[in-house]
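Make the full structure from the sequences, and use the hints.
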Amino acid sequence: MTSTELTPADYPLSINRPELLHTPTGKALADITMDAVVSGEVTNEDLRVTPDTLVLQGRIAESVGRRQLGENCRRAAEMTAIPDDEVLAMYNALRPRASSAAQLEEIASRLENTFSAPTCAGLVREAAEVYAARNLLAEED
Amino acid sequence: MTAPGAVSTESVRTLSLREIGPAERGTKPDEVVIALSPAFGDPFTKTIVDVPHAEVIRQLLAGIEERGGSARVIKVYKTADLAAIAHFGAKISGSGIAVGVLSRGTTVLHQRDLARLSNLELFPQAPLLDAEVFRMIGANAAQYAQGQSPKPVPTRNDQMARPRWQAKAALLHLKEFDCIDHSRNAVEVEPVITKVD
Amino acid sequence: MTAVAPRSGASVQTSKRTEILEARPVNLDGFVEEWPEKGLVAMESDYDPQPSVRVEDGRIVELDGRTRDQFDFMDTFIADHAIDVDTCEDAMATPSVEIARMLVDPRTSRADVVALGRGLTPAKILDVVKLMNVVEIMMGIQKTRSRRTPANQAHSTSAKDNPIQVAADAAEAAVRGFAELETTLGVVRYAPLVAIGLQVGGQVGRGGVLTQCALEEATELDLGMRGITAYAETISIYGTESVFVDGDDTPWSKAFLASAYASRGIKMRFTSGTGSEVQMGNAEGRSMLYLEIRCILMAKGAGVQGLQNGSISCIGVPGAVPGGIRAVAAENLVASWMDLECASGNDQSFSHSAMRRTSRLLPQMLPGTDFVCSGYSGVPNKDNMFAGSNLDTEDYDDWNVIQRDMQVDGGLRHVREDVILQVRNKAARAMQALFAELDLPAITDEEVEAATYADSSDDYPDRDALADLEGARSVMDRGITGLDLVKILERTGFGDVAENYLNVLRQRVSGDLLQTAAVLTGDFVPLAAINDANDYAGPGTGYRLSGERWEELKKLRHVTSAENPEEEVV
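These protein sequence lines are chains D, F and Z, in that order.
Residue numbers for the first sequence follow UniProt numbering, so the first one is 1 and each next one is one higher.
Residue numbers for the second sequence follow UniProt numbering, so the first one is 1 and each next one is one higher.
Residue numbers for the third sequence follow UniProt numbering, so the first one is 1 and each next one is one higher.
A couple of the hints might just be wrong.
Said to hold, decoys possible - For lysine-lysine, the following DSSO-like pairs were computed, each having C-alpha atoms within a straight-line distance of at most 30 Å:
(1) D/27 with Z/487
(2) F/151 with Z/382
(3) F/91 with F/28
(4) Z/382 with F/168
(5) F/195 with F/168
(6) Z/160 with F/151
(7) Z/130 with F/175
(8) F/78 with F/175
(9) F/46 with F/195
(10) F/46 with F/78
(11) F/46 with F/175
(12) F/151 with F/46
(13) F/91 with F/46
(14) F/151 with F/28
(15) Z/382 with Z/555
(16) F/91 with F/151
(17) Z/487 with F/168
(18) F/168 with Z/555
(19) F/78 with F/168
(20) F/46 with F/168
(21) Z/160 with Z/382
Unchecked claim - Facing chain Z, a subset of chain D residues (Cβ under 10 Å, in silico):
(22) 29
(23) 67
(24) 72
(25) 101
Unchecked claim - If you want the ones that stay clear, here's a sample from chain D, every Cβ over 10 Å from chain Z, calculated:
(26) 78
(27) 100
(28) 102
(29) 106
(30) 109
(31) 114
(32) 118
(33) 134
(34) 138
(35) 139
In case anyone wonders, no lab produced these hints; they're calculated from the structure.
If you're wondering where the values come from, they're calculated on a predicted model, not measured in any experiment.
We put the CB at the ideal spot given by N, CA and C, even for glycine.
And the structure:
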């Protein structure tokens, strides 16, 4: 899947390339039916995007020249592994003067090592560098 | 809705703020501090809807007095941030209660123990604040200072305040910023209101 | 309604004509002189920087007159994320007048002018659009807007946070043609019930409408992840470092948040607009448009698919200075040119004058934008909890007539009364069924009846707000999701609404709505700036109002029949 060539003609994937899509629990898009919902076969867990799908959407964006949107999709693909609460906690930690350099580095390491999220870790390290230069780090205790 | 700014023009009151000394911590347990912004009274003389600053002070003091409170007035020079002005006032208020007022009329009721960006009551739409509202704010301040829990002053809303006043508010805000004096400490002032016929 | 009476004249005698002019609504609007040193100027200021760029070792080391050691965080983020290092030196060497002509000239393709734009700095972009008058700006928007088919967005809110009202007005807005619906609250704790009303009402009116609830980040994301809302928009960004920090964010925190939304399959756009920085007292001596262009490039750099701009809640500031509404049109142009979805404002009370409200609208409505209004008040302005919009429900017929007069698609249509009553009634009944099944405070038949025929929140019986708030809390505590609502709708006789809702939820699996300017058609086909890319290339090309859609827009409330002039067309 990761090597699938995509062009703008593949969009929308839900209509043109449904065979490439699956839910986080491995169901096909066509399995999400009202009957399956009513019987409880399909749960809220199924209605989430997978990292594979985000990578595909990122490639489509890049195929029409949207480099940054593609990159955002790649960061998002990495973030699917991070629990909701922790995503919000990391966002709050990136607010101005909310974290020390060490705290930001700890988040970057966790992104890299626990969640295999190197692109996100890169964004956090970059922030740490800019915050240091612009006096936007928290005072060290 | 009453029209703010429709203040009687038959006799005009002017305000001068006579400096008494540095703004220091008060001791009266029920006092309210009225904390004014850098341009209040001088160089500005009226709010965004032409309520004279003299009238603002007169009504606040009257509201405080009619609820049996006492007041001190201070002027802050180091910031034009309403929350910071009011919070400073609250910290030196004997009761811990302060009313912060910007030149354009925006007003907040603050308490010493609250976070700076929090407040007891906020009146963000300066164009809707008239003499009557300032009197009610004063009355509520006095009640908070006496440890009571007054009913908040009813807030007014006007969809069309933005097109009329937003830019003038920005202009007044910029001018007020220009009056900030980082080297000057807050002072206690005696408001002298003179009636001119 | 207004805050003050018209300005009273002095004692000097005035002419009767002057008295009439003084009484005109436009004289209730505020106008101020420019103050460029402080940034109180629309787009032409001697205090804006001159364009420049320098690249060393594959990195931008100079941007608009500042070297990297002088960069603030906006400069750094824009230099490192927004601007194409490979092309910027060539792009910057192109004369501004050439680029401005490319934006207007139909023989230059959108792709070419967008590609060139990827290498430009904020000051250069400003230099280009400063050369353009408002008609040329509209030409540019017509060509550069990302989606081919224009659309529109509505607000559906209630002064009493009444979820039944929000549902009924959402249903009406959806059937009238809005592609997106947005709500917010007076009392924030009401959010779950009102967001449910918006979603259910929307799906009753027209399957595939996308909904959002403007709240603080955590709650907004939570409602999105539960599938109660479908997208997010109120993610604010600012053009100076100081104001950005006052807003308790940075470009990096916002970029992280953008990825967080995408990681949950939820469509999202940022919000910015001219005037916010000077309004907050920290424009750092730059013009409003210069700072807005920095916001647009920041949004592009973050990889967010779109931006809501067009001054938005600060419209009173550019609206009061000379050339301000031209600058607002220019910011929409730049967002479109930078290849972002543009939800183009027209969403806040702007003027006392109906004539001026219309003229402010035309630069977006005539060329078409991704969302002409962001949004149009789908409730009377007194019920609008976004503090009122430039257009509201009273303007529906005027809007439809302007579309027909100009043969322009503003995203709406006239809908027969019986259809409107039917969807309003059905939305209220669907809410009644949902509330009953979820053990929420009952919705009475009287309320359903009121919702069917109501105009404003005054026309509804009062609800027990405390009981509703308790119910709202329990919806969150019980972890109710969109799928739970689908199941209830299915088993209570609203199978078609349930299908529509489920179809919206399925989109999260495909991620199709994450692409630029994506909306859903009534057949649940995602329409984005990929499969519906704007192909305008001059007269006779691009989106043309024709065929079935044009026939639809010819209908108004009252049109005399040609066949039988004694009757009106139904």
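We went through each hint and held it up to the structure:
1. D/27 with Z/487: holds (19 Å)
2. F/151 with Z/382: holds (24 Å)
3. F/91 with F/28: Roughly 13 Å separates the two Cα atoms, so the pair holds.
4. Z/382 with F/168: With Cα atoms ~24 Å apart, residue 382 of chain Z and residue 168 of chain F stay inside 30 Å; holds.
5. F/195 with F/168: Answer holds: residue 195 of chain F to residue 168 of chain F is near 28 Å, not above 30 Å.
6. Z/160 with F/151: holds (20 Å)
7. Z/130 with F/175: Distance of about 28 Å is within 30 Å: holds.
8. F/78 with F/175: Distance of about 14 Å is within 30 Å: holds.
9. F/46 with F/195: holds (15 Å)
10. F/46 with F/78: Answer holds: residue 46 of chain F to residue 78 of chain F is near 21 Å, not above 30 Å.
11. F/46 with F/175: Holds - the C-alpha atoms of residue 175 of chain F and residue 46 of chain F are around 14 Å apart, at most 30 Å.
12. F/151 with F/46: Answer holds: residue 151 of chain F to residue 46 of chain F is near 28 Å, not above 30 Å.
13. F/91 with F/46: With a Cα-Cα distance of about 27 Å, the restraint between residue 91 of chain F and residue 46 of chain F holds, given a limit of 30 Å.
14. F/151 with F/28: Distance ~24 Å between residue 151 of chain F and residue 28 of chain F Cα, so the pair holds.
15. Z/382 with Z/555: holds (28 Å)
16. F/91 with F/151: holds (23 Å)
17. Z/487 with F/168: violated (53 Å)
18. F/168 with Z/555: violated (43 Å)
19. F/78 with F/168: holds (23 Å)
20. F/46 with F/168: holds (13 Å)
21. Z/160 with Z/382: The hint holds at about 11 Å.
22. 29: holds (6 Å)
23. 67: Given a least distance of 8 Å, the restraint on residue 67 of chain D holds.
24. 72: holds (3 Å)
25. 101: Hint on residue 101 of chain D: violated, closest Cβ of chain Z at ~14 Å, above 10 Å.
26. 78: violated (8 Å)
27. 100: Holds: least Cβ distance 15 Å, greater than 10 Å.
28. 102: holds (17 Å)
29. 106: The claim stands: residue 106 of chain D keeps its Cβ more than 10 Å from every Cβ of chain Z (closest is about 15 Å).
30. 109: Fine: 16 Å to the nearest Cβ keeps residue 109 of chain D off the interface.
31. 114: The assertion about residue 114 of chain D holds, with a minimum of 15 Å to chain Z.
32. 118: holds (13 Å)
33. 134: violated (5 Å)
34. 138: Since the minimum Cβ distance to chain Z is about 13 Å, residue 138 of chain D lies beyond 10 Å and the statement holds.
35. 139: holds (15 Å)
Hint compliance for this structure: hints 17, 18, 25, 26, 33 are broken, all remaining hints hold.
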